[in-house]
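**Student:** One letter stands for each residue in the lines below.
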Amino acid sequence: MTATLVDSELPAPGPASPPFTERVKALKAWQRSMLYASVGLLTLSLVRVISGADDLTSSGTIGAALRLAVPIGMAGLGGIFAERVGIVNIGLEGMMILGTWFGAYGAYQFGPWTGLLLGIAGGALGGLLHAVATVTFNVDHIISGVAVNIVAGGLARYLSVIAYDESSGGSATQSPPRKGQIGTVTVPGLSSGLKSIEDRHWFLISDVAGIVRGVTSNLSLGTVAAAVILVASFLLLWKTRFGLRLRSIGENPYAAESLGVPVLRIKYMGVILSGMCAGFGGAFLSVVQASIYREGQTAGRGFIGLATMIFGNWRPGGLTAGALLFGFSDGLQLRSSSSVPALFLFVAFLCAAIAAVQILGKRPKAAALTSVIGIGFLIAYLTIDTVPGSLTYCTPYVVTLVVLATSAQRLRPPAADGQPYRRGEAH
Amino acid sequence: MRKPLNWRSISISAAAPVVSLLIAAAITSLLLVVSGFNPADVLSTLGGRVGDSATWIDTTQRAVPLYISAIAVAIGFKMNLFNIGVEGQYRVAMLATAVIGAAVSLPAPLHVLLCILVAMAAGSLWATIPAILKVQRGINEVISTIMLNYIAIGLTAYLFSDVFAVRIPGELNPKTKELPRSAWVPNLIEDNLHNLTGFIFLAAILGIAFYLIVFKSRFGFQLRASGANPTAARTSGINPKSMIFRTLLISGAVAGMVGLPQILGDKHTYSSDLQLNLGFDGIAVALLGRNSPVGIAIGALIFGFLDSAGRFLDLESIPKEIVTIMQGVIVLTVVIVYELARRLRERTVQEAASKMLEAGPTDAAAVVA
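As you go down the protein sequences, you meet chains A and B in turn. Heads up: the first sequence begins at 1 in the numbering used here, then just goes up one per residue. Heads up: the second sequence begins at 1 in the numbering used here, then just goes up one per residue.
Quick caveat, the hints were computed from the structure, so don't treat them as lab data. Just so you know, these numbers come straight off a predicted model, no measurement behind them. Ideal placement from N, C-alpha and C gives every residue a C-beta, glycine not left out. Take the hints with a grain of salt, since some may be wrong.
[Stated by the list, open to error] Sample of chain A residues at the chain B side, in silico, Cβ under 7 Å: (1) VAL146; (2) ALA147; (3) ALA163; (4) ALA380; (5) LEU382; (6) ILE384; (7) LEU391.
[As the list claims (entries may be wrong)] Within a straight-line C-alpha distance of at most 27 Å, the following computed DSSO-like cross-link-like pairs (lysine-lysine) qualify: (8) LYS362/A with LYS28/A; (9) LYS365/A with LYS25/A; (10) LYS365/A with LYS216/B; (11) LYS175/B with LYS365/A; (12) LYS175/B with LYS267/B; (13) LYS25/A with LYS362/A.
[Stated by the list, open to error] Computed, partial: chain B to chain A, Cβ under 8 Å: (14) VAL142; (15) ILE151; (16) GLY154; (17) TYR158; (18) LEU287; (19) ASN291; (20) LEU315; (21) PRO319; (22) GLY328; (23) ILE336.
Assemble the whole structure, with the sequences as input and the hints as a guide.
**Tutor:** Listed below in structure tokens is the structure:
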């Protein structure tokens with residue numbers, strides 16, 4: 001694999017003519033995301049065939065990616081709810097911590113589903129605290145978020161000492177295991193057939209089989225619940241009157257107020273819904289993924305959620321893509337860390353594709369820069385054998401910074417995000 | 001005419017911290033009662049340590065890094081920049097100091113000086129990234145510093161365990177090469193239970209420097225002006241980009257020094273048992289101290305005392321974690337009570353002004369001025 005290969009085997013789709021970029025822009029959002037997804041999938045299969053890292057698209061990796069994406073996506077969804085009513089939520093991490101604790105407690109006392117519900121309630125508590133501080137008292141959102149994180153961390157430790165220290169199987173930093181199991185579903189009649197295709201390692205076909213099998217076999221009901229919450233949230237926010245009102249507050253609360261929208265009440269609801277989502281994400285960690293509460297279990301996932309929300313441009317669709325991407329990099333590290341360098345090749349191919357589009361769009365400088373970055377990743381792929389877990393851990397944060405730095409002008413946060421609001425004080 | 005008005009203002013300001021501490025105590029007591037403990041026991045245990053000199057030595061020892069961290073945060077706050085990234089900046093600086101400090105040999109005072117400079121440079125360097133992102137790309141520093149904290153955590157973990165750690169036979173924890181004695185900063189007080197780091201002087205110097213730079217220098221004026229009214233500052237010729245850049249770099253340099261008491265004063269190496277999260281706690285202390293050097297000192301001592309005296313709660317079989325909750329609640333109540341106090345002051349001023357307006361136009365002008 002030399003640099004020339006990257007240039008000659010461009011996975012750039014479609015005919016090469018200047019109107020191409022315009023045509024992509026003219027597509028509907030879902031069509032464009034389908035296009036991006038197919039380009040991504042094609043590139044991924046190509047990378048898998050070239051690098052021989054079959055775990056890239058194996059059903060095991062995809063299943064793990066899905067499981068790992070849920071807490072991140074739920075935290076990010078919490079971010080969307082809060083920021084769409086104009087409240088910046090740095091406290092997502094704290095709300096997630098409450099979710100892990102209350103989730104595990106409920107699961108240990110009563111069972112996994114009660115656990116998930118209690119986790120949501122715990123997160124709602126954190127959301128309520130943030131709402132009281134930011135909506136009622138107009139405390140700076142960042143300050144309140146920091147305080148929520150401190151209080152939540154302290155509360156979880158305090159409650160652990162009280163509830164778990166003397167229980168059998170628990171300690172001051174760890175809960176006893178949950179009671180009962182959380183079920184899984186497998187779409188009948190697919191798994192074995194897909195497995196045989198997946199094992200052939202054919203170009204594209206086996207990859208599709210692996211991905212389909214990953215999302216249809218041994219799917220935790222917790223993951224299904226998360227998907228339902230995600231879709232329901234999207235419908236609520238974008239297809240109902242309540243959602244329109246909620247989003248209007250994030251854009252211009254005084255305009256909403258003048259139209260009779262109860263701004264303060266909906267702000268409260270948004271922040272509490274935010275806490276509920278983060279709480280579910282936390283409970284998913286302790287109840288579904290781990291079956292116990294462990295101190296420090298969230299490990300900054302609330303902040304990855306925040307990053308995912310920005311990556312996804314404050315929209316559920318983009319958020320889902322971001323969460324799956326970060327979940328995928330985590331899952332690959334977990335399942336087969338030796339496959340991680342293959343991702344460098346993937347990025348190199350993507351850079352080549354972007355450079356090609358930039359050349360078509362007559363932006364030679366940008367294309368040159370992208371090519372240099374791409375070649376850098378190609379060299380990284382050719383020279384690096386394993387990537388330590390502590391560096392893979394950085395991926396979501398680095399990706400978010402890169403996205404922010406390169407496409408900040410295309411990102412559009414709610415217009416009144418982070419601004420204080422007091423009733424009747426329109427200027 | 002203005003005197004009675006001012007007194008009311010001052011009494012509101014003075015009452016605010018007391019009121020917020022009382023509210024925080026009430027909330028914490030409520031939690032204790034609900035979970036089956038007697039708040040009076042907690043109060044007597046914590047109160048019993050007030051007269052104990054060993055507790056105060058330990059309190060001060062804990063307060064020193066918190067103070068440095070809070071000063072770093074406060075510099076940014078003064079111009080409405082949130083440097084949430086102190087955590088990452090000081091972690092990077094600790095590793096850089098431990099590695100570079102151990103690699104050179106110099107006479108004692110110079111060696112210590114070099115280590116301090118390395119720490120400042122490393123902290124500054126890590127703060128350069130959000131500064132560039134903000135100035136060049138308009139990216140909010142809150143988001144970028146949060147991301148960079150986690151990148152710093154991953155990066156230092158990798159560099160430490162895969163590159164710089166040396167395995168010493170017979171020792172369980174990996175460490176970097178130990179700093180030579182010439183880089184050690186002696187403790188001021190050393191008994192068998194508690195130490196007091198010599199870095200208390202560094203903290204004091206930083207506090208004074210903070211005061212002089214922020215309140216007495218031209219740069220400090222520009223800093224505060226940019227924070228109070230960015231538009232007015234820009235129209236009066238202050239370059240906002242350069243202000244953002246310089247402020248974040250200075251904040252990062254101070255943040256770099258947060259870990260020095262541990263690296264040069266205590267452990268003399270970078271190991272896995274270093275005290276972390278000082279950057280996050282520094283944000284809380286800066287908020288508590290209202291970004292003033294004296295206020296931050298009081299805030300740092302309150303946090304240090306709660307940490308130090310809180311350990312004795314376990315002896316009474318009360319979970320010492322109540323102290324962390326207390327710290328978070330204090331921050332929230334302080335911020336809320338100050339906001340309410342500000343509104344109250346605003347209203348008294350408005351009321352007084354409207355009274356003056358009724359009295360006559362000349363008097364009103366005097367009050368507004």
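**Student:** Hint by hint, which ones does the structure fall short of?
**Tutor:** 3, 4, 5, 6, 10, 11, 19, 20
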